[in-house]
Amino acid sequence: MKLSYIKASNETLLSPSSSAWGKVESHAVDLFQTPIAMVAHLSPFMALSETHGRINKLNFKMAHNEKTANIYVTWQDETRDDKIEDLDQFIDSVAIMFPLTPTAQSMTMGDADNPVNMWFWRADQKDPYDVIAHGFGTSERRSGALHGLSVFSEYRNGHWHVVFQRNMRSNIIGHKQVAFKPKDISGLAFAIWDGSNKERSAQKSFSGNWLAFEVDA
Amino acid sequence: MNINVPSKQQLMSSSKQVATVIDLNKCMACQACTVACKTLWTDREGAEHMRWMSVATAPGPGYPRNFEKSGGGYDAKGNPRAGIIPTIVDCGDDLQFNHQEVLYGGKGQSVHLQPKSKLGGDPEWTYNFEEDQGAGDWPNPYHFYLPKKCNHCSHPACVDACSRNAISKRDDGIVLIDQEKCQGHRHCVEACPYKMVFFNPKKQKSEKCIECFPRIDQGIASGCNRQCPGRTRAFGHIQDEESLVHKLVNVWKVAIPLHPEFGTQPNVYYVPPMSALAYDDDNKLTDEMRLPNAVLESYFGKDVHRALAVIINEREKKKQGGESELMDLLISRKWHDRFAQFTNDPV
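Each protein sequence line maps, in turn, to chains A and B. Letter 134 of the first sequence, counting from 1, is numbered 134 in the numbering used here, and no numbers are missing. Converting from the second sequence to the numbering used here requires adding 1000 to each position, the first position being numbered 1.
Just so you know, these hints were derived from the structure itself, not from any lab. Among the hints, erroneous ones may be present.
[Said to hold, decoys possible] The list that follows gives simulated cross-link-like pairs (lysine-lysine, DSBU-like), each with its CA atoms no further than 35 Å apart:
{"id": "1", "chain 1": "A", "residue 1": "K57", "chain 2": "B", "residue 2": "K1205"}
{"id": "2", "chain 1": "B", "residue 1": "K1181", "chain 2": "A", "residue 2": "K198"}
{"id": "3", "chain 1": "A", "residue 1": "K83", "chain 2": "B", "residue 2": "K1317"}
{"id": "4", "chain 1": "A", "residue 1": "K198", "chain 2": "B", "residue 2": "K1118"}
{"id": "5", "chain 1": "B", "residue 1": "K1181", "chain 2": "A", "residue 2": "K61"}
{"id": "6", "chain 1": "B", "residue 1": "K1317", "chain 2": "B", "residue 2": "K1026"}
{"id": "7", "chain 1": "B", "residue 1": "K1205", "chain 2": "A", "residue 2": "K176"}
{"id": "8", "chain 1": "B", "residue 1": "K1317", "chain 2": "A", "residue 2": "K198"}
{"id": "9", "chain 1": "B", "residue 1": "K1205", "chain 2": "B", "residue 2": "K1118"}
{"id": "10", "chain 1": "B", "residue 1": "K1008", "chain 2": "A", "residue 2": "K176"}
{"id": "11", "chain 1": "A", "residue 1": "K126", "chain 2": "B", "residue 2": "K1116"}
{"id": "12", "chain 1": "A", "residue 1": "K198", "chain 2": "B", "residue 2": "K1077"}
{"id": "13", "chain 1": "A", "residue 1": "K83", "chain 2": "B", "residue 2": "K1077"}
{"id": "14", "chain 1": "A", "residue 1": "K126", "chain 2": "B", "residue 2": "K1317"}
{"id": "15", "chain 1": "B", "residue 1": "K1069", "chain 2": "A", "residue 2": "K198"}
{"id": "16", "chain 1": "A", "residue 1": "K126", "chain 2": "B", "residue 2": "K1203"}
{"id": "17", "chain 1": "B", "residue 1": "K1026", "chain 2": "A", "residue 2": "K83"}
{"id": "18", "chain 1": "B", "residue 1": "K1203", "chain 2": "B", "residue 2": "K1253"}
{"id": "19", "chain 1": "A", "residue 1": "K83", "chain 2": "B", "residue 2": "K1181"}
{"id": "20", "chain 1": "B", "residue 1": "K1205", "chain 2": "B", "residue 2": "K1008"}
{"id": "21", "chain 1": "B", "residue 1": "K1077", "chain 2": "A", "residue 2": "K126"}
{"id": "22", "chain 1": "A", "residue 1": "K198", "chain 2": "B", "residue 2": "K1334"}
{"id": "23", "chain 1": "A", "residue 1": "K83", "chain 2": "B", "residue 2": "K1116"}
{"id": "24", "chain 1": "B", "residue 1": "K1203", "chain 2": "A", "residue 2": "K57"}
{"id": "25", "chain 1": "B", "residue 1": "K1202", "chain 2": "A", "residue 2": "K57"}
{"id": "26", "chain 1": "B", "residue 1": "K1038", "chain 2": "B", "residue 2": "K1026"}
{"id": "27", "chain 1": "A", "residue 1": "K126", "chain 2": "B", "residue 2": "K1202"}
{"id": "28", "chain 1": "A", "residue 1": "K176", "chain 2": "A", "residue 2": "K57"}
{"id": "29", "chain 1": "B", "residue 1": "K1038", "chain 2": "A", "residue 2": "K83"}
{"id": "30", "chain 1": "B", "residue 1": "K1181", "chain 2": "A", "residue 2": "K126"}
{"id": "31", "chain 1": "A", "residue 1": "K126", "chain 2": "B", "residue 2": "K1026"}
{"id": "32", "chain 1": "A", "residue 1": "K83", "chain 2": "B", "residue 2": "K1008"}
{"id": "33", "chain 1": "A", "residue 1": "K176", "chain 2": "B", "residue 2": "K1202"}
The shape of chain B in the complex, shown without the other chains (with noise of 0.2 Å):
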């Protein structure tokens, strides 16, 4: 009988990459992203809890709750990392609404809508629980939008983790779920050191991000890429060097990943954030970012120094007034230009 259980190696490889560039200068945490993921795939029973794209304020807990200290990865030797299961709260939980009894019950002048955590009593947590909080005394707080979805990563710990190589690329780099071969085990939510892995308790198997792939299969931008008003997004195969990704990840530089130590190759890019500048004791205007080099290297590893050096570079030739093409590759004119062969309308 030949029975072919497929190499890690086999499963994790592809002949291209798709890439997301997000730009932290321009986010504005409006959640049309989110909304449009939620609308598109995780508007059903027992992916309530679950935001494929997410939209959360920095430094905070982040969403799945506290995922940066959840584990999973690989440490800086290469070796998978321990990690946990985001609980149904941590995951921002399925609040439960008194709507009948406000809207229909007769009760709408006395009684006020109060939501209830899915596994009872007050909410405890839940998304965008700590919405423009950040850190910071003032006068110099500081804060900033940190949109997340699947990195689509090159070296998987999902697809690592898997025990029945359900997980596994396509040809263009999206990681997959098999939703017939999955068991439910979760081992691929504890290895993903993002968090990006839900479960499902309904179906009791394992859902993630697709990366919108039958739009992709269609010359379609995923929904959050396409959805954003805000022009922070790029799409693209970051081998095509006609695309906008590749141009900020591989020429410019300037989009880097989030959380590079996890050790999975992430294919979300992020074009580091600037900050307001400080005051100093005197209450007078100083030319320091109010956001900490420490902060900032927390998230996005030392390299954000140089990310953000060639930007604010490029900003100040432009502001004197020349010329930049990172800059007007960054302020995207034309929305066409940042989908590169993603372009078709979606209805």
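Pulled out of the complex, with its shape left as it was, chain A reads as follows (with noise of 0.2 Å):
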């Protein structure tokens, strides 16, 4: 799996309908109900539920311009959680995670030595965030932006379609980033939640283990 180089402007690679995307290898990914029960010590009465992980597969596709890094993520999704009205109402999301040190786990989400980075979109915020974890029940949101994150998303025939940019390089010195170079090798992995099926937190599909990926030259 790499990601790939293609020629192509960073405005083009944020909008999933672009011909840019049409060069680029699709990859489908089945998704899983998270085992919850690993995190009854962070909330029993999250881990009492047995119906969340209703999406149950995605597809993505992953490209540079030299400049930025650029994942496309699509999945079907009847319904389109994009607001809260009513109080019992949760909102479409999805995440993609990285390690940060090349023993971090995807299951654990890091630990406190091997921390783990995350990219997360919520259906009704414009702007993404920046997420840090050293474990489960430790991720911190940062502000996307000021992490040379930015997000495209749109609800099309009953589908999801997400791309997220950010630069090749972390831009803030001393936060921990990933970042993406020439020839390195490293992995990723998804979450989603479907709002309409009240899934938050850890109650959400996943992709388990790291998907390895190439980044070309």
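Make one complex out of these two single chains by using the hints.
Have a look at this one:
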């Protein structure tokens, strides 16, 4: 799997319907219900859920133009949950996770010595979050804009189309962020929350272990 | 890197515990407590539907609507029970009135004030919708008023439920939600069996009664307790042996928790309601209470009968011209006596 190089502007790549994406290989990923008993210590009530993880498949493409890394995620979701009008409503969301050390585990969202970095978008907000975590229950949301992360999203024909775009290099010194250097091999993992299924927190679908990818020169 | 995830035990522990006692034989549902709280804390955008303090007629759906059937808390073995999140209508809605049209639009003579639901359309239900309805058939109808606020439980399900560990007890037992840490997941709302945690859709954070802690820190009783004109309320640290809450809960044992079976060890205690005496089939007054035992037990558990027996016995002593410390405590001739060290003036 490659973070392919293509010659295209940032603007073009941020548009999921641009022809540039047509040249990029698409990958299908199966999603699973998170094994929520693993986080019962954080919330035994949250861990009672048996019905989370309704979205069981996504497709993604990844491309860079030497300036930015772009990941285009799409999945089928028959209900568009992008606003909270009543108190029991939740928002469709997606996150992509990267290890920040070679031994960080995706299943545990890293640990104290092995952090992970996430790009997190929710359908009621224009700006994504850049998230850092050192294990379950430690995730810290940071401004996506301040971390060089932007997003484009649209809901079309029962599918969400979301493109994340971030500078190839992390742009704030001292803030741990994933970096993309040519020839590097890294991994990524996905999580999706289906708002109408009341998914939030650890109640979500996820892709499991890291999916390895190489950064195209 | 030092990543500190506190244990639930740490988050739930406190060296003291604030407690409130409410005498249901004196509550007249004037809603002064409700209004005091609303004015102080929830008169703002996103909080319109919230009543951190409420008074509903019992039996009835209560507040939030059908909270007793909404899950949360723990079963008899201490296992968490799944719960639901009440809707904005269950929380009393945020009714919208045509004030502009009636008061300023020149139609005051032809158009009436008409509420609309926040979600559009005619209101389906709202706060105190079943006021004074109660239950029972003529000639023995019965009801009592049930004031309700956060119990600042000794085993708070909300603390247990928060996957962000954003909820904790202060050292005086007040349960607070850290608004910086809250991410609006609402596991706490599901987990609270009293449904006293509310979601603010504007801020996308959960909120609840803070027991007026800025007042508490200055020795002023919480607003709902202080504003009660019926002197139904006592407030203080349950460990303070001089406090009225201690005397009513631990010494006289006449103030008992609501739904102890929810398993959260609540710290709002109720002096259970006596009721008018019932008439028999020949319309003769009996010495039976109209409030059926099963109804009382459904709110306060079986201990309610013991507590009521003590109250009735002490009342009888007073009636006969004797002395009763308990009756004097409940009468509360000096309001200062009800609030332990929290008697400073709020102004």
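Each hint tested on the structure:
no.	hint	verdict
1	A:K57 / B:K1205	holds, 30 Å
2	B:K1181 / A:K198	holds, 20 Å
3	A:K83 / B:K1317	violated, 62 Å
4	A:K198 / B:K1118	holds, 22 Å
5	B:K1181 / A:K61	holds, 34 Å
6	B:K1317 / B:K1026	holds, 19 Å
7	B:K1205 / A:K176	holds, 27 Å
8	B:K1317 / A:K198	violated, 57 Å
9	B:K1205 / B:K1118	holds, 19 Å
10	B:K1008 / A:K176	holds, 29 Å
11	A:K126 / B:K1116	holds, 31 Å
12	A:K198 / B:K1077	holds, 27 Å
13	A:K83 / B:K1077	violated, 38 Å
14	A:K126 / B:K1317	violated, 70 Å
15	B:K1069 / A:K198	holds, 19 Å
16	A:K126 / B:K1203	holds, 16 Å
17	B:K1026 / A:K83	violated, 44 Å
18	B:K1203 / B:K1253	violated, 41 Å
19	A:K83 / B:K1181	holds, 21 Å
20	B:K1205 / B:K1008	holds, 20 Å
21	B:K1077 / A:K126	violated, 45 Å
22	A:K198 / B:K1334	violated, 51 Å
23	A:K83 / B:K1116	holds, 21 Å
24	B:K1203 / A:K57	holds, 32 Å
25	B:K1202 / A:K57	holds, 32 Å
26	B:K1038 / B:K1026	holds, 22 Å
27	A:K126 / B:K1202	holds, 16 Å
28	A:K176 / A:K57	holds, 29 Å
29	B:K1038 / A:K83	holds, 26 Å
30	B:K1181 / A:K126	holds, 21 Å
31	A:K126 / B:K1026	violated, 53 Å
32	A:K83 / B:K1008	holds, 32 Å
33	A:K176 / B:K1202	holds, 31 Å
Comparing the model with each earlier hint shows violations of hints 3, 8, 13, 14, 17, 18, 21, 22 and 31; every other hint is respected.
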